[in-house]
Amino acid sequence: MLFRVRKTLEKGKKKIAPGSFTRLEWLTARGREIMISVGAVSEVGAPPLAVVPGWKARSEKLARVGIEDAAQFIDADTDVLCEALGRQPRTVGKYRNELMEWMTVDKPAAG
Amino acid sequence: MADTSTARNACDAAIWLDNAAGTPVDITGSSNKADIALDYKLGEYTVFGGCCTYRLECGQDATITINALYTTAASEARETLNLWATQGCDKNARTLSIYLPDKNVGSEKWSGEFRLESLSIAADHDDAGPMPITAVLKPHGCVSYTIAAT
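Protein sequences appear in the order of chains A and B.
Numbered as in the working numbering, the first sequence ends at 111 without a single skipped number.
Numbered as in the working numbering, the second sequence ends at 150 without a single skipped number.
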C-alpha cells in the first residue's frame, strides 16, 4: 500500500516532506490507520498507467500481469515488473523513480 | 456539523529536554504544564483616504513555558533545568521536544533548539504542594511541527 504524505513526518532523525510517498512499512496496520485518521497521510488514488505521458505501450504490457495503475507499479515486485516489461532491474528502478517524481506534488512557493 | 469525538487532554503529553551532554532527558514525569505560544511579527499601515488597516507579516518567534515540580532525583526536570541555568554565561541552545497528545505514532511533535530565558523557583512556606519551578524558553531558530511516525 502506498501513501501520500500530507504533513511533515518524523521517523527518527529523518523528515518526510508533504507531497512525497511512503509505504509506512515500519508501522503496524493499526499504526497506519492512526496516521490516516490524524490526516498525516492518505491512501494514494493513483492514475491509470495508460494516462501517464509516455507509458501507453508499457501500460499494455503491465495490464497483462494485473498492474494497471501507478501505485500498483510502484508497489509491485521488481522481478514481476522486469519480466512483464522485458527490462533489467535498473531500468525498472528508473521507471519507478520517474513515476514517483511524476506523481509527487511540488512544495508550494513561499508567499 | 456533528460534535467532535476526537478531543484529547494533555494527561499523556511528553516533554523531552537535552541535558548538558546533549542527551534527551524525559522530564514528563516531573513537570505538569507546557505552554506553547507562537508569535508572528506584523507591521500595520493605513493609507490616505482609506478606513481599513492592512498588515504585512515578517518573521516569527515562540515562547515555551514549562512548569516543573521541585523533586530531588537526578535527571528530572529540576536538576536538568537548574544545571542549565547555572551553566555560566555561554549556555548552549538545547533541543526541546513536546509530544501532543501523547508520544505515539500519529502524535504532534513540537521541537526546536531553545535557549533558557528565565527560571524561577517559588519556595512558599504556606504552600503544602511541591515547590513549583517555571522555565521560559525561547527558540534559537525555527520551531518544527511534525507528526511522529515511529
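These are calculated hints, taken from the structure and not from any lab test.
A portion of the hints provided could be inaccurate.
Looking from chain A toward chain B, a few residues come up when the C-beta cut is under 10 angstroms (computed) [said to hold, decoys possible]:
no.: 1; residue: 4
no.: 2; residue: 7
no.: 3; residue: 16
no.: 4; residue: 26
no.: 5; residue: 35
no.: 6; residue: 40
no.: 7; residue: 43
no.: 8; residue: 44
no.: 9; residue: 47
no.: 10; residue: 90
Calculated from the model, a selection of chain B residues having no Cβ within reach of chain A, i.e. all distances over 10 angstroms [claimed, not checked]:
no.: 11; residue: 43
no.: 12; residue: 65
no.: 13; residue: 73
no.: 14; residue: 90
no.: 15; residue: 126
no.: 16; residue: 131
no.: 17; residue: 145
no.: 18; residue: 146
Backbone N, C-alpha and C fix where the C-beta goes; we use that ideal spot for every residue, glycine too.
Item to complete: Tell me, in ascending order, the numbers of any earlier hints that this structure violates.
Response: Violated: hints 1, 7, 8, 9, 10, 17, 18.
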